[in-house]
Amino acid sequence: MTASASPQISRLLIDWYDANARSLPWRNPPGAPLPRDPDWPYRVWLSEVMLQQTTVAAVIPYFAAFTERWPSIADLAAAREDEVMAAWAGLGYYSRARNLVKCAREVAALGGFPRTEAELRKLPGIGAYSAASIAAIAFGERAVVVDANVERVVARLFAITEPLPGARKAIRKAAEAITPTQRAGDFAQAMMDLGAQTCTARRPRCLLCPLSDHCEGRASGDPEKLPVKPPRKARPERRGTAFWIEREGAVWLVTRPGTGMLGGMRALPDDGWTARAEGSGQAPVEGEATRLGAVRHGFTHAQLTLELVRIDGDARPEGEGEGEGEWWPLDRLDEAGLPTVYAKAARLALAARG
DNA sequence: CACGCGTGGCT
DNA sequence: TAGCCAAGCGT
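Numbering (the numbering used here), first residue to last: 8 to 361.
Keep in mind that the hints are not guaranteed to be accurate.
What the hints assert, rightly or not - Within a straight-line C-alpha distance of at most 27 Å, the following computed DSSO-like cross-link-like pairs (lysine-lysine) qualify:
| id | residue 1 | residue 2 |
| --- | --- | --- |
| 1 | K176 | K240 |
| 2 | K109 | K129 |
| 3 | K109 | K176 |
| 4 | K176 | K236 |
| 5 | K109 | K180 |
| 6 | K180 | K129 |
| 7 | K232 | K180 |
| 8 | K180 | K236 |
Claimed, not checked - Taking CB as the label site, the calculated pair distances span:
| id | residue 1 | residue 2 | range |
| --- | --- | --- | --- |
| 9 | T62 | R323 | 41 to 47 Å |
| 10 | G326 | R210 | 49 to 55 Å |
| 11 | L337 | K236 | 40 to 46 Å |
| 12 | P42 | A359 | 49 to 55 Å |
| 13 | A135 | R18 | 23 to 29 Å |
| 14 | G288 | L41 | 55 to 61 Å |
| 15 | A81 | S227 | 22 to 28 Å |
| 16 | P42 | G173 | 45 to 51 Å |
| 17 | L31 | K236 | 23 to 29 Å |
| 18 | P172 | G288 | 38 to 44 Å |
| 19 | T207 | L337 | 39 to 45 Å |
| 20 | G119 | A155 | 26 to 32 Å |
Derived from the structure by calculation, the hints contain no laboratory data.
Built from N, CA and C at the ideal position, the CB exists for glycine as well.
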């Protein structure tokens, strides 16, 4: 990288963005002034949290549903946490939903979002990346935004061959050098669009890239090798059992503990399986057991085979009367907010039922 | 710093 | 097709 290359790179990228920006529900058109809409920072923040480790396609319907139901930060701050958790069901990384409510309440109490990176960083669920991106996109502050897209684009552009995570320092420094003072938000989104659509992980489309003439990674011959990542740990196989306990048109659902896997989410009762250990196979209620089948589900850190067993009888499930579960009407099961693994199991149970 | 934490799309 | 990967955060 030469000192004079930086402004040229930012200009090339901004020009490309002006012509090629994706139109997204939370996005301001390229080059447009910041919206006067008082809910603009709320929408940027909501989209950024939803987009953490999550694809644009997955986020779009959730963003629409959330902004329809809770149009402002005040609305979300006033919402019941369990309703927000249920609305988040299926999107994954559920601690985000819990932190979303906490953050909304803190921001409402503050009277609005802070506009600096440092102040944003203090809010729950807002880390280094989100603080920078919200400051830049929502408020037009100059901030250096580094996510996985930027890491990839920068590592290739400057042929940074040191493996992650060690390379992060050099990557940040290079990102800092090409981040413009003006339109830092558009620049960040341009980098992310480029990373998502052109400078992709597996198959970079260098012929479409506005930076290809300046790309040392391309010049090196195999840009797809960058950035160098450490090998991932193998995912252990786990088995567990979930139980379908149905009475009079309702099914017994529990709410999982607030922390840990699927924390705070409604679920079918299970045998205590975790990502670290097999389940006991033990049902939370007496009765006749019938195996309904099994569902496979991959988590980040474990691959699960979840057996589904129906329990028939009259006994009271563990926790009934103690607020540890609830009989949920089957005709409203899609409103229960079951995370995907349990939604799959429920689908299996309903199919088995005919 | 390394790990736990979901899900669905792409190759 | 079975990994690999994604607009990360909290601890």
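Which hint numbers does the structure go against, in order from smallest to largest? The structure conflicts with hints 3, 5, 15 and 16, although it agrees with all the remaining ones.
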